[in-house]
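Protein chains: 2
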Amino acid sequence: MCNLRHMPEKSSTRDRMIAATARLLQRQGMAATGLADVLEASAAPRGSLYHHFPRGKDQLAAEAIRLSSARITRAIEAAMTGAPSLPAAIHAFAAFYESTLAASDFRDGCPVATTALEAAALGATEVEAACAEAFAAWQGPIASRLAADGHPPARAAELATLIIAALEGGLLLARAGRSVGPLATVASQLADLLSATIVSPSATLPTQ
Amino acid sequence: MCNLRHMPEKSSTRDRMIAATARLLQRQGMAATGLADVLEASAAPRGSLYHHFPRGKDQLAAEAIRLSSARITRAIEAAMTGAPSLPAAIHAFAAFYESTLAASDFRDGCPVATTALEAAALGATEVEAACAEAFAAWQGPIASRLAADGHPPARAAELATLIIAALEGGLLLARAGRSVGPLATVASQLADLLSATIVSPSATLPTQ
Chain A
0 MCNLRHMPEK SSTRDRMIAA TARLLQRQGM AATGLADVLE ASAAPRGSLY
50 HHFPRGKDQL AAEAIRLSSA RITRAIEAAM TGAPSLPAAI HAFAAFYEST
100 LAASDFRDGC PVATTALEAA ALGATEVEAA CAEAFAAWQG PIASRLAADG
150 HPPARAAELA TLIIAALEGG LLLARAGRSV GPLATVASQL ADLLSATIVS
200 PSATLPTQ
Chain B
0 MCNLRHMPEK SSTRDRMIAA TARLLQRQGM AATGLADVLE ASAAPRGSLY
50 HHFPRGKDQL AAEAIRLSSA RITRAIEAAM TGAPSLPAAI HAFAAFYEST
100 LAASDFRDGC PVATTALEAA ALGATEVEAA CAEAFAAWQG PIASRLAADG
150 HPPARAAELA TLIIAALEGG LLLARAGRSV GPLATVASQL ADLLSATIVS
200 PSATLPTQ
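In order, the protein sequences belong to chains A and B.
Anchor point for the first sequence: position 97 equals 96 in numbering that gives the first Met the number 0, and the numbering is continuous, going up by one each time.
Anchor point for the second sequence: position 202 equals 201 in numbering that gives the first Met the number 0, and the numbering is continuous, going up by one each time.
Hints in this document: simulated from the structure, not taken from any laboratory.
Do not take every clue at face value.
What the hints assert, rightly or not - Taking lysine to any residue pairs in the SDA-like style, the calculated list, with each CA pair at most 25 Å apart, reads:
1. A/Lys56 with B/Ala31
2. A/Lys56 with B/Gly33
3. A/Lys56 with A/Leu38
4. B/Lys56 with B/Ala82
5. B/Lys56 with A/Arg177
6. A/Lys56 with A/Glu76
7. A/Lys56 with B/Arg106
8. A/Lys56 with B/Arg70
9. B/Lys56 with A/Gly33
10. B/Lys56 with A/Asp104
11. B/Lys56 with B/Gly139
12. B/Lys56 with B/Phe95
13. A/Lys56 with B/Gly81
14. B/Lys56 with A/Asp36
15. B/Lys56 with B/Thr80
16. B/Lys56 with B/Ala136
17. B/Lys56 with A/Leu38
18. A/Lys56 with B/Ala136
19. A/Lys56 with A/Glu125
20. A/Lys56 with B/Ala18
As the list claims (entries may be wrong) - Distance windows between CB atoms, simulated:
21. B/Glu76 with A/Gly33: 55 to 65 Å
22. B/Gly33 with A/Ala69: 45 to 55 Å
23. B/Phe95 with A/Pro83: 16 to 26 Å
What the hints assert, rightly or not - Residues of chain B placed beyond 12 Å of chain A at every Cβ, according to the derived structure:
24. Thr32
25. Ala69
26. Arg106
Note that beta-carbon positions come from the ideal geometry of N, C-alpha and C, so glycine has one too.
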């Protein structure tokens with residue numbers, strides 16, 4: 000926005016604000032997160048918001064969602080490329096979130112879900128688009144792994160949607176019930192069902 | 000709380016407040032819903048809140064979640080008992096929510112999810128418990144159908160957890176992306192995978 004934007008200190012304040020917002024959105028969502036909370040958590044001076052984020056809270060929240068999205072993408076990529084099989088990768092990624100849940104007394108879950116649901120009520124906004132992009136991006140490494148295992152690309156993409164949706168739902172049930180149980184159950188049942196289709200990826204299963 | 004509680008008019012105000020809160024929670028969650036919104040939407044007089052809900056907003060929200068939970072339980076029961084197969088029942092229940100999404104321009108989804116995620120940040124409360132009870136209750140009719148189809152009870156319960164989680168995640172992705180596509184994909188892929196296990200429910204599938 001101005002010729003100061005490449006100064007290290009300014010850049011650092013901006014990054015701190017985004018990181019603090021990402022943590023607040025993961026824990027409590029957007030509606031409960033005020034700008035005063037962000038300024039306090041990032042030790043940013045008043046006036047920083049519109050200097051660094053001229054489109055205001057929506058832009059700041061969207062940047063925070065993008066930061067969290069990239070972090071989760073890396074975790075999914077690590078699980079998908081590091082595990083010996085897709086079921087093992089699903090268990091590894093679920094274990095990553097089980098640690099997050101346990102370490103935060105179930106206050107931290109998916110860094111995008113709460114904000115995505117809240118934003119949906121407000122109609123199309125920059126933050127809603129960032130949430131949709133996050134969910135889409137996370138499916139990429141899973142679809143790649145499924146394709147590498149022999150699934151046709153279209154089927155791989157649809158199974159990746161199911162896997163992300165099921166794990167998101169598992170996180171939701173785990174947070175609500177204050178237990179990692181539902182997330183572990185989802186990962187286990189999903190892995191079992193997928194094992195059958197991975198054994199014969201070209202098989203066409205009847206719907207009914 | 001008092002000897003007036005059986006008077007029709009009082010009861011009606013209380014019911015209107017719960018119904019209005021249920022609608023507001025479904026659309027925008029708890030953090031964005033103020034008591035003034037509830038009073039306005041239910042045409043309730045000031046002072047109604049603590050007269051009818053002595054434990055305040057938490058009690059009102061919990062009652063609203065219970066009302067929504069019962070409504071969704073009935074929809075799941077109708078799908079599970081009315082469809083010729085579990086995959087068909089999953090498609091029927093997904094279609095119920097696809098209508099909700101489309102009719103509200105993606106503003107209305109699961110009536111519990113947003114509140115459940117927001118409440119998780121606040122620690123154990125009456126509303127968090129009501130959300131956990133809702134998710135547990137919804138699994139009942141699905142597990143019953145799976146058991147009727149020949150699955151052992153423990154496996155039926157775990158598959159029911161996966162099915163609710165996957166549909167919740169599908170709703171989340173659908174709202175974020177403003178498209179019923181992800182929910183339809185989740186239902187379709189889940190139905191396909193389950194068809195395989197329903198064909199031979201006693202088969203034990205390897206995890207890896």
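Going through the hints against the structure:
1. A/Lys56 with B/Ala31: holds (15 Å)
2. A/Lys56 with B/Gly33: holds (20 Å)
3. A/Lys56 with A/Leu38: Holds - the C-alpha atoms of A/Leu38 and A/Lys56 are around 12 Å apart, at most 25 Å.
4. B/Lys56 with B/Ala82: violated (39 Å)
5. B/Lys56 with A/Arg177: Judged against 25 Å, a Cα distance of about 21 Å means the pair holds.
6. A/Lys56 with A/Glu76: With Cα atoms ~30 Å apart, A/Lys56 and A/Glu76 exceed 25 Å; violated.
7. A/Lys56 with B/Arg106: Distance of about 20 Å is within 25 Å: holds.
8. A/Lys56 with B/Arg70: Roughly 36 Å separates the two Cα atoms, so the pair is violated.
9. B/Lys56 with A/Gly33: holds (20 Å)
10. B/Lys56 with A/Asp104: With a Cα-Cα distance of about 23 Å, the restraint between B/Lys56 and A/Asp104 holds, given a limit of 25 Å.
11. B/Lys56 with B/Gly139: violated (29 Å)
12. B/Lys56 with B/Phe95: violated (29 Å)
13. A/Lys56 with B/Gly81: violated (47 Å)
14. B/Lys56 with A/Asp36: Holds - the C-alpha atoms of A/Asp36 and B/Lys56 are around 23 Å apart, at most 25 Å.
15. B/Lys56 with B/Thr80: violated (36 Å)
16. B/Lys56 with B/Ala136: holds (23 Å)
17. B/Lys56 with A/Leu38: Violated. B/Lys56 to A/Leu38 sits at ~28 Å, over the 25 Å cutoff.
18. A/Lys56 with B/Ala136: violated (37 Å)
19. A/Lys56 with A/Glu125: Holds, at about 10 Å.
20. A/Lys56 with B/Ala18: The given pair, whose Cα atoms are some 31 Å apart, is violated under the 25 Å limit.
21. B/Glu76 with A/Gly33: 55 to 65 Å: violated (42 Å)
22. B/Gly33 with A/Ala69: 45 to 55 Å: Given about 34 Å between the Cβ atoms, the range is violated.
23. B/Phe95 with A/Pro83: 16 to 26 Å: Given about 40 Å between the Cβ atoms, the range is violated.
24. Thr32: Violated, since 9 Å does not exceed 12 Å.
25. Ala69: Holds: least Cβ distance 17 Å, greater than 12 Å.
26. Arg106: B/Arg106 is in fact no farther than 12 Å from some Cβ atom of chain A, at 5 Å.
Of the numbered hints given earlier, the model fails hints 4, 6, 8, 11, 12, 13, 15, 17, 18, 20, 21, 22, 23, 24, 26; all others are met.
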